[in-house]
Amino acid sequence: MTGNLSERWQQAQAKAMEHDLLPGWYATRGRRRMLAAAGTFAVGLMWVDAAVSWSIGPSDDAARISLILLAVMFVIYMPAVTLLNIATRGVNELAERRLDERQVGERLRAIALAHRIMLGILVALVAVALAAGLARGGPGSSVPTTTVVQLSIALALTHFVLPLIVSAWRLPDPPPDDE
Amino acid sequence: MAAEDVFNRIPMLRAERGVSRKDLAAALGVHYQTIGYLERGEYSPSLYLALRIAEYFEVPVEVVFSLRSFPRLGSEAK
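Protein sequence lines, in the order shown, are assigned to chains A and B. Counting from 1, one number per residue, gives the positions in the first sequence under full-length UniProt numbering. Counting from 1, one number per residue, gives the positions in the second sequence under full-length UniProt numbering.
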């Protein structure tokens, strides 16, 4: 039953990836890169959220700013990621057995590149945390729990969406239909 | 020629047999865009896929793929 449900979900997912939604938004490499930039900006807002929480939180102002940032992020992130998934035909989203050899190769290249970018982000994060920690009073200074949670979410989201952004950024223009 | 350029006659064979990209892709179990990327020379297939394409068109694999560009039609008759 569970297998059947999962199979049906995967089929529906594969079908959805072939359904062109707002094709004009990702028809050219330039537009796909704009969408990838929008996705990156949305994820970046999560990092800004964590930074705001760290610098002025915990406070009512920090909570208010956090809610506004989350709302803006959600409004940009959802359509951008949906369109990026359609533009890449689900290369990063579908089960591997639903992809052909070219798509599997694309996915692996995108994951490898995203992994290297993520490593850079982690190194930068450690450097910033160390510098900010020292500026705030050294090893004894504390970080609000909300900041830790928001930072964890920002990291997880970046790790999750980066391969999709890399795939969309690299994607050449697809060949025109011959029918 | 780049180190891994592989030339192919898939568009010609498709046109000759009246097969669309989507039909060929469905027969081979690949995405139709993969056929387009193959035809444009932006993707080189695995040996397995190359053999399956040749088998589909019922020709030897060297009729479909080559490491050198294929001569233009009619150029050999001159």
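Since the hints were derived computationally from the structure, they do not count as laboratory data. Hints may contain errors.
[What the hints assert, rightly or not] Below, in silico cross-link-like pairs of lysine to aspartate or glutamate (EDC-like), each with a Cα-Cα straight-line distance of 16 Å or less: (1) Lys22(B) / Asp177(A); (2) Lys22(B) / Glu18(A); (3) Lys22(B) / Asp61(A).
[Unchecked claim] Chain B residues, not near chain A, derived (Cβ > 12 Å throughout): (4) Val30; (5) Ser44; (6) Tyr48; (7) Phe57; (8) Ser69; (9) Pro71; (10) Gly74.
Note that beta-carbon positions come from the ideal geometry of N, C-alpha and C, so glycine has one too.
Against the structure, the hints come out as follows:
1. Lys22(B) / Asp177(A): holds, 9 Å
2. Lys22(B) / Glu18(A): holds, 13 Å
3. Lys22(B) / Asp61(A): violated, 56 Å
4. Val30: Val30(B) not clear of chain A: closest Cβ-Cβ about 4 Å, inside 12 Å.
5. Ser44: violated, 9 Å
6. Tyr48: violated, 8 Å
7. Phe57: Nearest chain A Cβ is 16 Å from Phe57(B), so the label holds.
8. Ser69: Correct as stated: the minimum Cβ-Cβ distance to chain A is 19 Å, above 12 Å.
9. Pro71: Holds, since 24 Å exceeds 12 Å.
10. Gly74: Consistent with the label, Gly74(B) stays out of reach of chain A, its closest Cβ about 24 Å off (over 12 Å).
Consistency with the previously given hints fails for numbers 3, 4, 5, 6, ordered from lowest to highest.
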